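Could you build all of it, start to finish, from the sequences and the hints given here?
Chains A and B, in that order, give the protein sequences.
Just so we're aligned, residue 0 is where the first sequence starts under numbering that gives the first Met the number 0, counting upward by one.
Just so we're aligned, residue 0 is where the second sequence starts under numbering that gives the first Met the number 0, counting upward by one.
Heads up, a few of these hints could be off.
[Stated by the list, open to error] Below, in silico cross-link-like pairs of lysine-lysine (DSS-like), each with a Cα-Cα straight-line distance of 30 angstroms or less: (1) A:Lys-261 <-> B:Lys-165; (2) B:Lys-171 <-> A:Lys-261; (3) A:Lys-152 <-> A:Lys-261; (4) A:Lys-261 <-> A:Lys-42; (5) B:Lys-171 <-> A:Lys-42.
[Said to hold, decoys possible] Derived DEER-like restraints, expressed as beta-carbon distance ranges: (6) B:Ser-170 <-> A:Leu-46: 45 to 55 angstroms; (7) B:Gly-146 <-> A:Leu-206: 44 to 54 angstroms; (8) B:Pro-284 <-> A:Ser-257: 51 to 61 angstroms.
It should be emphasised that the hints constitute simulated quantities derived from the structure, not laboratory data.
Predicted model only: the values in this text are computed from it and were never measured.
All C-beta atoms, glycine included, are put in the ideal place defined by N, C-alpha and C.
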Amino acid sequence: MNHTAVPAGPLTPGAPGESSQTMFGDQGRVIASITMRATMGRKRALLFAIPAVILLLVTVLLKLAHPHDPTWPSQVDGIFGFTVVLPLTALIIGTSVLGAEVDDGSIVHLLATPVPRWVVIWSKYVVAVVLTAAFVAVPELLAGLIATGGLTKLAAGLFVGALAGSVIYNAVFVMLSVVTTRAIAYGLAYVVVWEGLLANFVSGARLLSVGHYSLGVANGIAHDGSNLNAGISLGTSVVMGLIVTAATIVIAVRALSSFSLKGDAI
Amino acid sequence: MSGGGRSAGAGGARGRARSAGAGQAERGGGTSRARGRGKQSTVELRNVSRWYGNVVAVNDITMTIGPGVTGLLGPNGAGKSTLLHMIAGFLAPSRGELTVAGAASWRNPDIYRTLGLVPERDSVYAFLTGAEFVTASARLHKLPAPGAAARRAIEMVEMTGAQDRKISTYSKGMRQRIRVAGSLVHDPEVLLLDEPFNGMDPRQRLHMMDLLHSLGEQGRTILFSSHILEEVERVSGTIQVMVAGRLAASGDFRAIRRLMTTRPHVFLVRTSDDRALGATLIGRPAVTGVEVTDHGLSVRASDYGTFSREIAALTKNQGIRLRELLPEDESLESVFAYLIDADGPRAR
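This is the structure:
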């Protein structure tokens, strides 16, 4: 048998005592870089831009048709933007940054390394937040600028509210992609049934509605009678948003720590 | 395959195979490097079981695997992947103790400083180049010189020439080798490979076999699963045979192979005169039973080689035309079943 020539000697294993903070940062950068390329490289990444493009097109058309009507900006860029564009974009991105690798099995290459699981979750989560902010919060800001003719409180409110929504929604959706293989279905059910129906009719349901947290933040900043129809106050939105974000990230890290591969076909 | 209902005779056959073996899995590679690695590369399982609801996938397995190449052999569904996933820390044992280099692998990411895994599923970041993939792996392992470590690992699998191409352009064998490089970049003591030869062409198989052999010679503990006897035969002197979730045999490959080849075989023989041939066959020492069926003669032979040689001469001497000679029980399952069934293979 002709044996393959194998270089002798160890392959420079990691030296102990290096700055863990620095090295975790490098691990995080590797994961974030791969995640960004994987997410944006897929054809469905084009989907991310479609809701934002629609939002901006509608805003421009309404601005041309009703340049002095003060009611439509909060209705279109606020209500429509925060109940449709924001949750759907966050759903697609948040469930794909980790869920796609779980589905196709490539996550094993990442998990068969000594990377702490919180670094994996955190890196993926940050990428999801950045992408969602880019595809929703920035368009919301642009739409607000177009609709109100400048950097008004409403425009700022829409931007910050969408940022808050990007942060909270993605924590929920990344968590869903770790704990279930049907993250998109459950995420869609949450957005449509819980937020779209229950939260509009049952005031208590708004306490667990990320869409209402986002509107609450936007309304708290705009607070000039912008009619954003927020069901909860700024303070409640911020507190609940922080709790939901922290809780879902902790759940995601714990679930990923127990990530299991299916065994033989049985 | 369910592992719950087929336990009869396992202990007896296990003892037979083990006693016949020249050595146990611990025997290992025997190089100076192997001696230097010692317990750092030992995988130990003690009474490990894994079940899903009422289905037992892995049933009370105890084994120790040391330096060198060990083949984990068994038919599809025998529990090989489940066992490998447990060793690799990707599945919790339902019962029993499992350690790699003295530490539990489940929920212990630090174990991957010692352990490398090449999973069966051929999914990899196809948009990366080979070099990017292996370097990323090195950085995730926090190696101080990830570029140099990646180059050496890629050289080890002889992929230097293709390292700057995207993985999406690789053949199946190249993808497998780059995945091995990614798993080797941190110089693990233990390397696990789940069905590493699946989908490879013969040349790629030989290449992978040589690589595994070389890694074992270096004193690493290499454990790979396969359902193909010949793959294990070429690479590994030590095997663990799993059947229906149980450890059916363990030890030196040649001794177990001997048990497999000297087991009774059942052949279906179709000739121009089945009854005449049957009457002759029943008098032969190598034949233990003959049955005339609608499809031909079902012949039970105690010795594969002798029967195969005799049948040709007998039919020629009697002027009988031999139309068909088919082994009826050559499925791998029946071969393995023999190892756990004292009564020999059963018709399936």
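Hint check:
no.	hint	verdict
1	A:Lys-261 <-> B:Lys-165	holds, 28 angstroms
2	B:Lys-171 <-> A:Lys-261	holds, 22 angstroms
3	A:Lys-152 <-> A:Lys-261	violated, 52 angstroms
4	A:Lys-261 <-> A:Lys-42	holds, 28 angstroms
5	B:Lys-171 <-> A:Lys-42	holds, 24 angstroms
6	B:Ser-170 <-> A:Leu-46: 45 to 55 angstroms	violated, 32 angstroms
7	B:Gly-146 <-> A:Leu-206: 44 to 54 angstroms	holds, 51 angstroms
8	B:Pro-284 <-> A:Ser-257: 51 to 61 angstroms	holds, 59 angstroms
The structure shown violates the earlier hints numbered 3, 6.
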